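Residue numbers (this note's numbering), protein chains in the order written: chain A, 1 to 359; chain B, 1 to 275.
Just so you know, the hints here were simulated from the structure itself, not pulled from any lab data.
Be aware that one or more of the hints could be misleading.
Unchecked claim - Incomplete in silico selection of chain B near chain A, CB under 10 Å:
{"#": "1", "residue": "G24"}
{"#": "2", "residue": "I38"}
{"#": "3", "residue": "P169"}
{"#": "4", "residue": "R177"}
{"#": "5", "residue": "L179"}
{"#": "6", "residue": "A181"}
{"#": "7", "residue": "A186"}
{"#": "8", "residue": "S228"}
{"#": "9", "residue": "R262"}
{"#": "10", "residue": "L263"}
{"#": "11", "residue": "K266"}
{"#": "12", "residue": "K267"}
To be verified - Pair ranges (Cβ atoms, derived):
{"#": "13", "chain 1": "B", "residue 1": "P93", "chain 2": "A", "residue 2": "T129", "range": "45 to 55 Å"}
{"#": "14", "chain 1": "A", "residue 1": "R56", "chain 2": "B", "residue 2": "V170", "range": "19 to 29 Å"}
{"#": "15", "chain 1": "B", "residue 1": "G24", "chain 2": "A", "residue 2": "E167", "range": "29 to 39 Å"}
{"#": "16", "chain 1": "A", "residue 1": "R126", "chain 2": "B", "residue 2": "G47", "range": "33 to 43 Å"}
{"#": "17", "chain 1": "A", "residue 1": "R68", "chain 2": "B", "residue 2": "Y142", "range": "36 to 46 Å"}
{"#": "18", "chain 1": "B", "residue 1": "F92", "chain 2": "A", "residue 2": "T129", "range": "28 to 38 Å"}
{"#": "19", "chain 1": "B", "residue 1": "V170", "chain 2": "A", "residue 2": "A245", "range": "29 to 39 Å"}
{"#": "20", "chain 1": "A", "residue 1": "N284", "chain 2": "B", "residue 2": "V170", "range": "41 to 51 Å"}
What you are looking at is a predicted structure, and each value in this text was computed from that prediction instead of being measured.
Glycine included, C-beta positions come from ideal geometry on N, C-alpha and C.
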Amino acid sequence: MIRLEHISLQRGSFNLNDISLDVQSGRYYFLMGPSGAGKTLILEIIAGLKVPGSGRVLLNDNDITDTRAEDRNIGFVYQDYSLFPHYTVRKNVAFGMKMQGKSLSDQEKNVQRLLQQFGISHLADRYPTTLSGGEKQRVALARALAIDPPVLLLDEPFAALDPVSREECMQGLKDLHHDNGITILQVSHSRDEVYSLADEVALIDHGSILQTGRPTDVFSHPETRRAAVIAGTENIFEGVVRAKAGGLNTIDVHGVNITGEGNYPPGNRVVLCIRSGDITIRKNSLAADFIDNIIHGTVVSQIITDYTCTLNVEGPLPMKVTIPRKNQGQSEFQNGEVVRIFFSRHQVLVLPFSELQEH
Amino acid sequence: MEKAPKTAKRGVFDWSILGFWLIGGLLVLFIVLAILSIAVPELGNPGHLADVATDPSVLLTLGITLIAGLNAVAILVLIGTPLAYALSRSTFPGKGLVESIIDLPLILPHTVAGLMVYLLFMSQGIIGAPLGNVGIVFEDAYPGIVVAMVFVAIPYYVNTAREGFETVPVRLENVARTLGASRSRAFWHITLPLSSRHIYYGALLAWGRAIGEFAAVIMIAYFPMVISTLIYYRFATGGLSEAMSVALVMIVICGVIFVLFRLLLKKKEGPDDQA
Numbered sequence: 001m002i003r004l005e006h007i008s009l010q011r012g013s014f015n016l017n018d019i020s021l022d023v024q025s026g027r028y029y030f031l032m033g034p035s036g037a038g039k040t041l042i043l044e045i046i047a048g049l050k051v052p053g054s055g056r057v058l059l060n061d062n063d064i065t066d067t068r069a070e071d072r073n074i075g076f077v078y079q080d081y082s083l084f085p086h087y088t089v090r091k092n093v094a095f096g097m098k099m100q101g102k103s104l105s106d107q108e109k110n111v112q113r114l115l116q117q118f119g120i121s122h123l124a125d126r127y128p129t130t131l132s133g134g135e136k137q138r139v140a141l142a143r144a145l146a147i148d149p150p151v152l153l154l155d156e157p158f159a160a161l162d163p164v165s166r167e168e169c170m171q172g173l174k175d176l177h178h179d180n181g182i183t184i185l186q187v188s189h190s191r192d193e194v195y196s197l198a199d200e201v202a203l204i205d206h207g208s209i210l211q212t213g214r215p216t217d218v219f220s221h222p223e224t225r226r227a228a229v230i231a232g233t234e235n236i237f238e239g240v241v242r243a244k245a246g247g248l249n250t251i252d253v254h255g256v257n258i259t260g261e262g263n264y265p266p267g268n269r270v271v272l273c274i275r276s277g278d279i280t281i282r283k284n285s286l287a288a289d290f291i292d293n294i295i296h297g298t299v300v301s302q303i304i305t306d307y308t309c310t311l312n313v314e315g316p317l318p319m320k321v322t323i324p325r326k327n328q329g330q331s332e333f334q335n336g337e338v339v340r341i342f343f344s345r346h347q348v349l350v351l352p353f354s355e356l357q358e359h
Numbered sequence: 001m002e003k004a005p006k007t008a009k010r011g012v013f014d015w016s017i018l019g020f021w022l023i024g025g026l027l028v029l030f031i032v033l034a035i036l037s038i039a040v041p042e043l044g045n046p047g048h049l050a051d052v053a054t055d056p057s058v059l060l061t062l063g064i065t066l067i068a069g070l071n072a073v074a075i076l077v078l079i080g081t082p083l084a085y086a087l088s089r090s091t092f093p094g095k096g097l098v099e100s101i102i103d104l105p106l107i108l109p110h111t112v113a114g115l116m117v118y119l120l121f122m123s124q125g126i127i128g129a130p131l132g133n134v135g136i137v138f139e140d141a142y143p144g145i146v147v148a149m150v151f152v153a154i155p156y157y158v159n160t161a162r163e164g165f166e167t168v169p170v171r172l173e174n175v176a177r178t179l180g181a182s183r184s185r186a187f188w189h190i191t192l193p194l195s196s197r198h199i200y201y202g203a204l205l206a207w208g209r210a211i212g213e214f215a216a217v218i219m220i221a222y223f224p225m226v227i228s229t230l231i232y233y234r235f236a237t238g239g240l241s242e243a244m245s246v247a248l249v250m251i252v253i254c255g256v257i258f259v260l261f262r263l264l265l266k267k268k269e270g271p272d273d274q275a
């Protein structure tokens with residue numbers, strides 16, 4: 001188990017503020033946040049590569065804050081994999097064991113096993129510059145696991161991969177975690193990765209942890225506006241509570257009344273979060289079932305990906321709406337088309353407004 | 001019908017680079033002319049050149065110069081490498097001052113450098129006096145040549161080695177440390193091999209600078225003579241032709257060594273290239 005207790009560190013103008021984390025043994029834990037949030041720095045502190053200004057790092061209840069990186073036995077894979085360019089794949093993987101003083105025969109035996117496990121035996125005598133991104137990642141993982149670490153730290157391991165390699169590597173890591181039961185702490189800013197792999201996630205921003213929990217809980221119920229942004233909530237508005245009745249709030253957002261679940265007293269400023277995928281959109285001419293919130297608007301632009309289409313709808317409330325893509329290269333809506341968008345009260349997350357967070 | 005766009009033919013000479021060559025080539029021409037101005041007259045009298053090239057005093061001086069240069073480089077590699085590494089991996093107030101101090105021998109007149117070395121290593125100097133007590137003498141002695149050479153070559157080696165260390169990402173050392181390597185083992189196994197080309201090149205530059213030094217060397221050790229002292233001596237006592245013969249022998253030897261070293265560096269599959 002890894003535990004961070006009140007870790008703080010100042011580096012130039014950046015501050016890591018009072019970071020506390022509990023990563024239980026065998027868990028796949030994600031640190032998620034934007035670039036510059038301090039995610040990699042947290043990994044480097046756990047690995048012993050950076051010394052915190054205050055606080056403690058515990059590994060299986062042992063205080064390792066002052067233990068040198070080389071004595072921690074924690075696996076680390078950087079985003080660029082940082083393979084040793086002057087060593088072959090075989091020597092890269094054997095490096096840790098050599099440093100541990102293992103015999104040559106043990107080194108060779110373990111190298112063979114790891115190369116086989118990661119399907120890279122055929123690359124054993126190649127140099128890193130000749131490898132693809134996916135191959136480099138597998139070598140880096142094999143090298144990190146060669147020292148038999150109880151914990152593996154991964155710094156955005158999929159960032160440099162093409163989509164096909166990325167999917168393969170994600171599956172590979174999922175299998176590795178499942179088969180080895182190793183504790184993994186991974187940095188990412190991709191919700192897909194978190195949904196696919198994580199047991200738990202911590203949202204991090206500006207050197208502080210905003211929220212921790214299971215991915216579905218954190219993404220569905222961010223506790224602050226900033227957490228909602230990091231969790232990928234596309235529609236965030238400020239409003240004022242106009243009415244409160246039976247666990248519902250009616251909130252005035254730029255002159256539009258939105259109904260959401262909440263118990264805030266009238267007059268309170270609040271923040272509304274509505275995920276683009278939770279919204280239903282219909283052509284204006286079509287009838288709709290009764291639903292709590294209906295807004296008219298005009299489609300002004302669309303971003304089409306493999307499976308989805310995100311529509312920017314202008315109107316009294318500018319909103320993003322994500323729908324499954326129906327036809328190849330086309331969505332069923334045209335730019336300039338008048339539409340109606342619907343969402344229920346359950347899909348409106350009402351958060352308290354905080355001056356501190358807004359600025 | 002639309003005209004097809006002009007496409008560059010393979011193997012066609014890039015004329016745009018010719019202008020750069022015409023201007024920049026003047027510097028190469030300058031050096032070649034300087035060499036020819038010595039070589040042509042000397043090669044016109046091969047007998048005399050052969051006499052000088054086989055003159056035991058010339059050969060002894062050449063030997064002293066080349067070996068003193070190697071000693072100076074050995075000292076620089078031993079002491080300058082840790083300094084270069086520390087500079088590449090540290091940030092602290094006053095780092096710029098330390099770097100300026102290291103660069104000082106580059107900008108000082110060589111006579112001033114010689115004077116400084118002399119004051120330190122003369123028999124009453126703060127380093128020369130105690131070492132003199134244990135029998136290490138610098139004035140008009142081989143160790144004096146070496147310390148003068150070290151002094152003038154410091155920035156050449158330290159700066160080149162530091163640049164080499166800076167090309168090695170700190171992350172490689174970090175990974176090595178998480179794999180169980182101490183800081184010093186990470187340096188030996190990762191950083192040093194990956195910056196070896198810079199280290200070799202820095203050593204070559206320092207050696208070249210060291211064996212060519214004249215003013216700083218004669219301030220502390222006129223004797224035993226190094227090659228530049230001998231050339232000056234022959235010029236002062238025997239005239240231009242005497243000096244030119246020795247100079248040509250030196251040019252040939254240094255040229256051969258430098259070309260060989262460059263070829264070796266090129267042949268060596270440098271980890272710098274792979275990084």
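We went through each hint and held it up to the structure:
Hint on G24/B is violated. Least Cβ distance to chain A is approximately 32 Å, over the 10 Å limit. Checking I38/B against chain A by beta carbon gives a least distance of about 43 Å; that is not within 10 Å, so the hint is violated. Annotation: interface hint on P169/B holds; nearest CB of chain A at approximately 7 Å, less than 10 Å. Proximity of R177/B to chain A holds as hinted, the smallest CB-CB distance being about 4 Å (cut-off 10 Å).
Evaluation of the L179/B hint against chain A yields a held restraint, the C-beta minimum of about 4 Å falling below 10 Å. With 10 Å as the threshold, the beta carbon of A181/B comes within range of chain A, its nearest partner Cβ sitting at about 5 Å, so the hint holds. A cut of 10 Å between beta carbons decides the hint on A186/B: the least distance to chain A is about 8 Å, and the hint holds. For S228/B, the suggested interface contact is broken, since its CB lies about 39 Å from the closest CB of chain A, more than 10 Å.
Hint status for R262/B relative to chain A: violated, with the closest Cβ pair at about 21 Å, above 10 Å. With a cut of 10 Å, the hint placing L263/B at the interface with chain A is violated, because the nearest CB-to-CB distance is about 21 Å. The interface hint given for K266/B is broken, as the beta carbon of that residue sits about 17 Å from the closest beta carbon of chain A, more than 10 Å. Look at K267/B: its Cβ only gets to about 16 Å from chain A, farther than 10 Å, so that hint breaks.
Hint check: P93/B to T129/A, Cβ distance near 38 Å, so the stated range 45 to 55 Å is violated. A hinted range of 19 to 29 Å for the beta carbons of R56/A and V170/B is consistent with their spacing of about 25 Å. Between G24/B and E167/A, the C-beta spacing of about 52 Å breaks the proposed range 29 to 39 Å. The hinted range of 33 to 43 Å is not satisfied by R126/A and G47/B, whose Cβ atoms lie roughly 59 Å apart.
R68/A and Y142/B have their C-beta atoms about 44 Å apart, which keeps the hinted 36 to 46 Å range intact. Between F92/B and T129/A the beta carbons are some 34 Å apart, a value that agrees with the proposed interval 28 to 38 Å. Remark: the range hint 29 to 39 Å for V170/B to A245/A is contradicted by a beta-carbon distance near 60 Å. A hinted range of 41 to 51 Å is violated for the C-beta pair N284/A and V170/B, which are about 58 Å apart.
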